[in-house]
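Engineer: Given next are the chains, with one letter for each unit.
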Amino acid sequence: QLQLQESGPRLVKPSETLSLTCTISGGSISSSSFYWGWIRQSPGKGLEWIGNMYHRGSTNYNPSLKSRVAIFADASQKQFSLRLTSVTAADTAVYYCARPSAYGDFVSDWGQGLLVTVSS
Amino acid sequence: EIVLTQSPDTLSVSPGERATLSCRASQGVGSNFAWYQQRPGQAPRLLIYGASTRATDIPATFSGSGSGTEFTLTISSLQSEDFALYYCQQYHNWPWTFGQGTKVEIK
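Chains as they are written, first to last, in this note's numbering: chain A, 1 to 120; chain B, 1 to 107.
Worth double-checking, as some hints may not be accurate.
A few chain A residues that face chain B, going by a derived Cβ cut-off under 10 Å, partial list only [claimed, not checked]: (1) SER32; (2) SER33; (3) GLY37; (4) GLN41; (5) ILE50; (6) ASN52; (7) TYR96; (8) ALA98; (9) ASP105; (10) PHE106; (11) VAL107; (12) GLN112.
Hints are computed from structural coordinates only; laboratory data are not their basis.
The structure displayed is predicted, hence computed values, not measured ones.
All C-beta atoms, glycine included, are put in the ideal place defined by N, C-alpha and C.
My request is simple: use the sequences and hints to build the entire structure.
Structural biologist: Shown next as structure tokens:
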């Protein structure tokens, strides 16, 4: 059974970089059947798909965040990370790591979510 | 980006009654469409994909229909655990996008 767990700082200062990690249990980034993503949820913008990482390391990002975001894998193949630079209060949200289904680009597995607040 | 508009924002329904939720896409998405349920403090849970296919372990009281730009989620007989937030999602064009949500509350 796949389990995903987000971790990282819960408070980030404006203009700094938000860095989160997703730890995978019961699966591996190296599987070619799946890709891995980050999604966030805020009161102002609702659910927003941030971007994806594919098993060979390629990525695609939401154009609204593309200039500030990076998603990359850990060498262990059991973690992948999100980095969002130059954050503002608008980046305050619950951040979820996710694994879309092998049958389509909808999410069958979610982490529990991590609330990150951007504030000085 | 494809914008999804859900209606209504809030739906008040009595237990045992039917609930019908709608989602309209700003352009056609074929059947590349999903529905999720979110309970307080939890991550969303996949209910429907391919517009009408129930996900694993989802009861038959949930059904999805539609294609193109108009989609419907029907809950045939509301149970206490079904009072929650519901979101639609399209995966036809990147970026994948979600609707703003419909809250189903007890009448």
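Engineer: Hint ILE50 of chain A vs chain B: min CB-CB distance below 10 Å?
Structural biologist: OK, holds: ILE50 of chain A within 10 Å of chain B, min 9 Å.
Engineer: Could you check if PHE106 of chain A really has its C-beta closer than 10 Å to a C-beta on chain B?
Structural biologist: holds (4 Å)
Engineer: Next item in the hint list is GLN112 of chain A. Is there a CB on chain B closer than 10 Å to its CB?
Structural biologist: At about 6 Å, which falls below the 10 Å cut-off, the nearest Cβ of chain B leaves the hint on GLN112 of chain A intact, so it holds.
Engineer: Please check whether VAL107 of chain A passes as an interface residue: C-beta within 10 Å of a C-beta belonging to chain B.
Structural biologist: Holds, because the Cβ-Cβ distance from VAL107 of chain A to chain B comes to roughly 6 Å (cut-off 10 Å).
Engineer: Under 10 Å, Cβ to Cβ, is where ASN52 of chain A needs to be relative to chain B, so tell me if that hint holds or is violated.
Structural biologist: holds (9 Å)
Engineer: So, as I understand it, the hint says SER32 of chain A touches chain B; can you test that by seeing if any CB pair is closer than 10 Å?
Structural biologist: violated (19 Å)
Engineer: ALA98 of chain A was flagged as interface toward chain B. Is the shortest Cβ-Cβ separation under 10 Å?
Structural biologist: holds (8 Å)
Engineer: Does SER33 of chain A hold up as a contact with chain B if the rule is Cβ-Cβ below 10 Å?
Structural biologist: violated (16 Å)
Engineer: With 10 Å as the cut and Cβ atoms as the points, is ASP105 of chain A at the interface with chain B?
Structural biologist: holds (4 Å)
Engineer: How about TYR96 of chain A: closest beta carbon in chain B under 10 Å, or not?
Structural biologist: It holds, given that the least Cβ distance between TYR96 of chain A and chain B is near 6 Å, below 10 Å.
Engineer: Interface hint check: GLN41 of chain A, Cβ to nearest Cβ on chain B, cutoff 10 Å. Holds or violated?
Structural biologist: Holds - the Cβ of GLN41 of chain A comes within 10 Å of chain B, reaching about 8 Å at its closest.
Engineer: Given a cut of 10 Å on the nearest C-beta pair, is the interface hint for GLY37 of chain A held or broken against chain B?
Structural biologist: holds (9 Å)
In this structure, the hints that do not hold are numbers 1 and 2, in rising order.
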